[in-house]
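Student: What follows is each chain in one-letter form.
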Amino acid sequence: MTTPLLEIRDLHASVDGTEILHGLSLSINAGEVHAIMGTNGSGKSTLTKVIAGHPDYEVTGGDVLFKGRSILQDEPEERACAGIFLAFQYPVEVPGVSNLYFLRSALNAQRKSRGEAELSGAEFLALVKEKAKLVDIDQALLNRSVNEGFSGGEKKRNEIFQLAMLAPTLAILDETDSGLDIDALKTVAAGVNSLRSPERAFLLVTHYQRLLNYIEPDFVHVLLDGRVVKSGGKQLALELEDKGYAWIEEEAASA
Amino acid sequence: MPDTNESIEALAQQEYKHGWVSHVDADQLPPGLNEDIVHAISAKKHEPEWLTEWRLRAFRHWLTMREPEWQKPKYPKIDYQGIIYYSAPKKKPEVSSLDEVDPELLETFEKLGISLDEQKRLSGVAVDAVFDSVSVKTTFREELSKQGIIFCSFSEAVTDHPELVKKYLGSVVPYTDNYFATLNSAVFSDGSFCYIPPGVRCPMELSTYFRINSAGTGQFERTLLIADEGAYVSYLEGCTAPQRDENQLHAAVVELVALKGAHIKYSTVQNWYPGDKDGKGGVYNFVTKRGMASENAKISWTQVETGSAITWKYPSCVLKGDNSVGEFYSVALTRDRQMADTGTKMIHIGKNTKSTIVSKGISAGHADQTYRGLVKIMKGATGARNYSVCDSLLIGGTCGAHTTPYIESANPTAVVEHEASTSKISDDQIFFLRQRGLSEEDAVSMIVNGFCKDVLSELPMEFAVEAQKLLGVKLEGAVG
Ligand SMILES: Nc1ncnc2c1ncn2[C@@H]1O[C@H](COP(=O)(O)OP(=O)(O)OP(=O)(O)O)[C@@H](O)[C@H]1O
Ligand SMILES: [Mg+2]
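First to last, the protein sequences are chains A and B.
Just so you know, this note's numbering puts the end of the first sequence at 824, numbered straight through with nothing missing.
Just so you know, this note's numbering puts the end of the second sequence at 1344, numbered straight through with nothing missing.
Extracted from the complex, chain B is given alone in its bound form:
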């Protein structure tokens, strides 16, 4: 594991590190949601008619839907008419050089630890940064395009590659899918788009950073990632939001398409503002993430969820092609009044499909966490295999952890294994580490990082380091 103790100490002071607000002039639509707003969003983005129509169909469908109530976290009713559905930094971000980007915006990204400039030169990570609703800058684009890789904002993809967008948008998560995905389909304002041509191994990690900035805005970004036959891509997604009293809604949709023999690795470090100690404010993180795997394809989801007042997400794999593979590695940390209901769905359709689920949940304070997973073996999925392990770690006596694995098998040749455990950090472990000279917080952080190792080791190196730091910071004051 990478050595991060120094950085944990450096970060020790702050409560919520990303809790500042940028004062960038924003071009906003008035709050509220109706067909005019949907039209206006589409018009602002100069979208073709088919897309406007698609949005409208979604919106009309949404009106017929009811907000779901089956999930464990309960929250006060969201006022959908009080949300601003479109907010863009005023200076047009369509620039070819970073010099033209609003300096304060650049500063924002620097505070996020992703100076685009530096990223560009040093790290070899191509970044698309989504600020409120609009994609600001995609680095490395030219370099990638030499190999035929398309990595751009969703809006640009609509303009420059309409055939790809039209073909795949909604192909994995249809606009009728669920309440929040349908809402997203109606009002999404931007996001990232990526296409890897057949046989191409994307030479760098692709990365998107999301940040909600303006007050009262919702963030509805949409990510569409297509790995053509035999292609490989590793994609990273990071999220932060400023500290605000009111709750903010984040309802994103991520669609992954892995064609024959392709491999998509999608990693998330989520650190939306969780609300204060008593549960005031914080982001509602209701996202729909799903991947479709064709023959011999592989989709791996890795997530580290530490933020948000409520997290409610189930990155899933539809294993449609024979011999396709789905993986889900998850760390979810909740403390204070945070709630998380998260897990995955593995839908085995093809023959000899394989899935692996490794979920590590950590709860502290009054937090409550549920692992909810579905392994579904369809009739034709002969020889399907699933292995799931769900471990929960409790810190203190007032938090909760629940594991709800659903297994539906319609094929008798399938083998499904599930293991679950719940443990507490023992006083003797903490004492042992303190006896060797570590502070109580470093001791807890070390134990938690060890607990999560199987998941963290799935992350690309620099992301693993960030995730470890984050876990350390998040655990500040969680013990004792």
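Just chain A, same shape as in the assembly:
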């Protein structure tokens, strides 16, 4: 059996002394696309931040393995350089820092950590051109300050652009579809699909089956109160769209 790309074992995590994840387990193989759905406040964003190593979250039990190795002691930037990417539910603004300057610094930091040569200005711009086309992002946005004054949809698109530029092994998308118009959703989905590869896995947090029409998941998991309570194929998402979460809550309660 091959080692999963990401393996989460009985994970417990708290923020400000409140436990949010109560023993969550999940396993993702390279090449797979997993979707996570669940009610507001069930812990989806918490899970993504714990995987990425946000210092506000304390892991009190369990483990997170990436390529078979525990990453709980790793700094966020080490996890990033190892190939974990998180597209944020609420992308932050960094006033005064140009998008491209930021991305070039980030990309070169990652390359450096892998022992690769830094990209020259020309190589970098060539890559920008290619990836900007892929996610159809406006050139003007690239020269503006990171997310400053971007519309909600533009911020999301910018996250996907960063994803395309940094080419991680594990891409976690936290509600990237929320706030996107239909056309933007299609472009973003097309971008993600073109990045799918046997080496790369995706973890999509979403509330809407709609996204999954465009990015077909191999697995769908339902998160409830800090645990994965149900997993299934893509038809589970359809079922949720149809019936909501109540029946799962009942199922979980009686289990």
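Incorrect hints may have been included.
What follows is a list of derived Cβ distance ranges for each label pair [claimed, not checked]: (1) B:Pro1067 with A:Asp707: 48 to 58 Å; (2) B:Ser1290 with A:Ser720: 17 to 27 Å; (3) B:Lys1144 with A:Ser596: 34 to 44 Å; (4) B:Ser1290 with A:Gly813: 33 to 43 Å; (5) B:Glu1283 with A:Gly610: 33 to 43 Å.
List of simulated lysine to aspartate or glutamate pairs, EDC-like, C-alpha gap at most 16 Å [said to hold, decoys possible]: (6) B:Lys1317 with A:Glu662; (7) A:Lys755 with A:Asp705; (8) B:Lys1288 with A:Glu662; (9) B:Lys1030 with B:Glu913; (10) B:Lys1317 with A:Glu717.
Covered by chain A, per the in silico footprint, the following chain B stretches (three or more residues, Cβ under 8 Å) [unchecked claim]: (11) 1230-1238; (12) 1297-1306; (13) 1309-1317.
Bear in mind the hints are in silico, worked out from the structure with no lab data behind them.
Beta carbons: idealized from backbone N, C-alpha and C, even for Gly.
Mind docking chain B with the ligands on chain A? Use the hints.
Tutor: Same frame as chain A, but now just chain B with the ligands:
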């Protein structure tokens, strides 16, 4: 913005990069201050009698003054009798070729990153380097003189262009101005002098580097810059000092004269030794900088203040002529026990005068910072306008930032706008940048550089790069 991440990493190791001492033989006067010392300084510099007299008048006036106490930073009493007021490298620096300059001195400048030799050949920046109190070498002089531009040490100007010095010395900052300016007027030992003739656009950036080297010395340099009618000049000033336990006093005076339609751009990157983590040692940076703008003239001050135990300065503009313009762009970064009380004064005298103030303060550790600004609209300043924005960025919870804008308007047609903000670097911003692969320190440095962008973009390119590096180095270990 220029790409400097590589250099930030390269600089990451050092605590205070410029903290070495050069062992150059120095010709010094004994410590202490009295009329004999003032005479001796003047004599050492072979000054004409009028200047000796001017110094003495200043000294006598100084004796009647009290050290100011209104500023926010408090410091232990300075022992003015314990300071050495004149210290010059022993080998006479009046040389025509760099080969004759003391090799160790040259090395010092190389460590400062300003190999004169290289500067001369590569960068097209004319440099006057002031080491302790004496100006060592002015590059590019011949080239500049072809256009009638005078760029030399203050002492040389006194000898070679006495009429200009006599006319303008003290015309913007009179010797009675304030405690430290008056002290400077009595004991200044050297500095830079610059004159741009009418209608001439100075073809290169002019630059001065200051360094305090000898122990127990004060540095009292004086800069006098005159842009004649319609002239333009961009002037850069950089400062460093070695690491020492005792406090060193730096009380400089800079006077800018912008005649009709002239434009002076004056940029400073200040990195005097700030003292150690607990506030031991460091430079007291008490300087008086002021410019006088005639009709249609423009004066722009840009400063990046990262060093010194205490910084206390208010580069100011006297907007005397109609339609004159004053600008002040400032970044001040304080950490550990550093204190800064800085800002500007914009005095609107002429009609339709305009001023802009952009101040960015960054505090970390136990540092304390005050923006103090005065916008004064005189009665005759019809149609005057001012726009001020003062932003503070706090790193951690133990530092302080204060904004004290004073506005005095005696003309009802004036429009004065002031905006202020205080923010903290958010954990989510840092996490976002780290998630993309940047180290925590690079993340903070990037956020801070972004915060300062509006000011850094006012600096000439190579200075902006240096300033960015400096901010990065200064922020090492400031978070967490
Ligand atoms: N600092 C905190 N202290 C206490 N509780 C917190 C804190 N931060 C988040 N929480 C709680 O943790 C729970 C999980 O939040 P999380 O953001 O992971 O939910 P989510 O599943 O992503 O929800 P949504 O679908 O609305 O994005 C919520 O109930 C939230 O209120
Ligand atoms: Mg969420």
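Student: Hints first: check each against the structure and report whether it holds.
Tutor: Here's how the hints hold up against the structure:
1. B:Pro1067 with A:Asp707: 48 to 58 Å: violated, 40 Å
2. B:Ser1290 with A:Ser720: 17 to 27 Å: Between Ser1290 (chain B) and Ser720 (chain A), where Cβ atoms are some 21 Å apart, the hint holds.
3. B:Lys1144 with A:Ser596: 34 to 44 Å: violated, 56 Å
4. B:Ser1290 with A:Gly813: 33 to 43 Å: Hint holds: Cβ distance 35 Å, inside 33 to 43 Å.
5. B:Glu1283 with A:Gly610: 33 to 43 Å: The hinted range 33 to 43 Å holds for Glu1283 (chain B) and Gly610 (chain A), with Cβ atoms some 38 Å apart.
6. B:Lys1317 with A:Glu662: holds, 15 Å
7. A:Lys755 with A:Asp705: OK: Lys755 (chain A) and Asp705 (chain A) at ~11 Å, within 16 Å.
8. B:Lys1288 with A:Glu662: holds, 13 Å
9. B:Lys1030 with B:Glu913: Holds, at roughly 12 Å.
10. B:Lys1317 with A:Glu717: holds, 14 Å
11. 1230-1238: Answer violated; 0 residues pass the 8 Å Cβ test.
12. 1297-1306: holds (count 9)
13. 1309-1317: holds (count 7)
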